[in-house]
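Protein chains in written order, with the numbering used here: chain Y, 1 to 117; chain U, 118 to 228.
Keep in mind the hints are simulated off the structure, nothing from the lab. Heads up, a few of these hints could be off.
Which residues of chain Y face chain U? A partial, calculated answer using Cβ under 10 Å [claimed, not checked]:
#: 1; residue: Gln42
#: 2; residue: Met45
#: 3; residue: Leu76
#: 4; residue: Thr80
#: 5; residue: Lys97
#: 6; residue: Phe107
Result set (DSS-like, lysine-lysine): computed pairs, CA atoms no more than 27 Å apart in a straight line [as the list claims (entries may be wrong)]:
#: 7; chain 1: U; residue 1: Lys185; chain 2: Y; residue 2: Lys20
#: 8; chain 1: Y; residue 1: Lys66; chain 2: Y; residue 2: Lys55
#: 9; chain 1: Y; residue 1: Lys20; chain 2: Y; residue 2: Lys66
#: 10; chain 1: Y; residue 1: Lys41; chain 2: Y; residue 2: Lys20
#: 11; chain 1: U; residue 1: Lys174; chain 2: U; residue 2: Lys159
#: 12; chain 1: Y; residue 1: Lys41; chain 2: U; residue 2: Lys159
#: 13; chain 1: U; residue 1: Lys154; chain 2: Y; residue 2: Lys41
#: 14; chain 1: Y; residue 1: Lys41; chain 2: Y; residue 2: Lys64
#: 15; chain 1: Y; residue 1: Lys66; chain 2: U; residue 2: Lys139
#: 16; chain 1: U; residue 1: Lys174; chain 2: U; residue 2: Lys185
#: 17; chain 1: Y; residue 1: Lys20; chain 2: Y; residue 2: Lys64
#: 18; chain 1: U; residue 1: Lys188; chain 2: U; residue 2: Lys174
#: 19; chain 1: Y; residue 1: Lys14; chain 2: Y; residue 2: Lys66
#: 20; chain 1: Y; residue 1: Lys41; chain 2: U; residue 2: Lys139
#: 21; chain 1: U; residue 1: Lys159; chain 2: U; residue 2: Lys185
Away from chain U, derived, C-beta distances all over 10 Å, residues of chain Y [unchecked claim]:
#: 22; residue: Ile12
#: 23; residue: Ser18
#: 24; residue: Val19
#: 25; residue: Gln29
#: 26; residue: Leu46
#: 27; residue: Asp65
#: 28; residue: Leu68
#: 29; residue: Ser73
#: 30; residue: Thr82
#: 31; residue: His85
Yeah, the Cβ is synthetic: ideal placement off N, Cα and C, and Gly gets one too.
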Amino acid sequence: GAVVSQHPSRVICKSGTSVKIECRSLDFQATTMFWYRQFPKQSLMLMATSNEGSKATYEQGVEKDKFLINHASLTLSTLTVTSAHPEDSSFYICSAKDPRAQTGELFFGEGSRLTVL
Amino acid sequence: GENVEQHPSTLSVQEGDSAVIKCTYSDSASNYFPWYKQELGKRPQLIIDIRSNVGEKKDQRIAVTLNKTAKHFSLHITETQPEDSAVYFCAASITGNQFYFGTGTSLTVIP
């Protein structure tokens, strides 16, 4: 199947700093990518839809200025957690649909575990 | 957005028994319902999906049923094996783009 890669897999930062997470589609072009947040033993919460060449669409309750999303190319979307605080510590995972696929399958990245001290 | 509820949150079955996980959704416009399996430390992967024009779909030991009127769908795993142990997520999608996931079911198959 299609491959989506995320980097870094783990990141630890100090409170108040910003952290950037990259999501790449390795073997297909993704005009749309999705960012999810997953708390321990909980579900995948959709944060925002990243649209190539335009602004991201954020879900209700997700702060746009806190979670900056940029989709500068057809294979790369970035999520920047700005002025991170301990409550932002979580598992962030991106996904994308392969337009070549017959199904509507979402392909997920490996996820990035953020720890804010 | 769509609200998807999933039950049970944890499920333990003996190897060889069947497991059933149920989900409900709120938006009658949802028309695509995939199920994902997430093993510990790994990314979620699609195991089966169903579209709203179909009531049931089966793939070997896995089957999914959909009741559009009641707005619920279920995952059925027969002849469970230890390697079926994982967290299972249902999801609902209206446009085929934004996917809203259920809260997950941690399935343990006891050898």
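Cross-check of the supplied hints:
| no. | hint | verdict |
| --- | --- | --- |
| 1 | Gln42 | holds (7 Å) |
| 2 | Met45 | holds (8 Å) |
| 3 | Leu76 | violated (18 Å) |
| 4 | Thr80 | violated (21 Å) |
| 5 | Lys97 | holds (7 Å) |
| 6 | Phe107 | holds (8 Å) |
| 7 | U:Lys185 x Y:Lys20 | violated (41 Å) |
| 8 | Y:Lys66 x Y:Lys55 | holds (15 Å) |
| 9 | Y:Lys20 x Y:Lys66 | holds (12 Å) |
| 10 | Y:Lys41 x Y:Lys20 | holds (24 Å) |
| 11 | U:Lys174 x U:Lys159 | holds (26 Å) |
| 12 | Y:Lys41 x U:Lys159 | holds (13 Å) |
| 13 | U:Lys154 x Y:Lys41 | holds (14 Å) |
| 14 | Y:Lys41 x Y:Lys64 | holds (25 Å) |
| 15 | Y:Lys66 x U:Lys139 | violated (35 Å) |
| 16 | U:Lys174 x U:Lys185 | holds (14 Å) |
| 17 | Y:Lys20 x Y:Lys64 | holds (15 Å) |
| 18 | U:Lys188 x U:Lys174 | holds (16 Å) |
| 19 | Y:Lys14 x Y:Lys66 | holds (16 Å) |
| 20 | Y:Lys41 x U:Lys139 | holds (18 Å) |
| 21 | U:Lys159 x U:Lys185 | violated (32 Å) |
| 22 | Ile12 | holds (18 Å) |
| 23 | Ser18 | holds (25 Å) |
| 24 | Val19 | holds (20 Å) |
| 25 | Gln29 | holds (15 Å) |
| 26 | Leu46 | violated (6 Å) |
| 27 | Asp65 | holds (20 Å) |
| 28 | Leu68 | holds (19 Å) |
| 29 | Ser73 | holds (19 Å) |
| 30 | Thr82 | holds (24 Å) |
| 31 | His85 | holds (25 Å) |
The earlier numbered hints that this structure contradicts are 3, 4, 7, 15, 21, 26.
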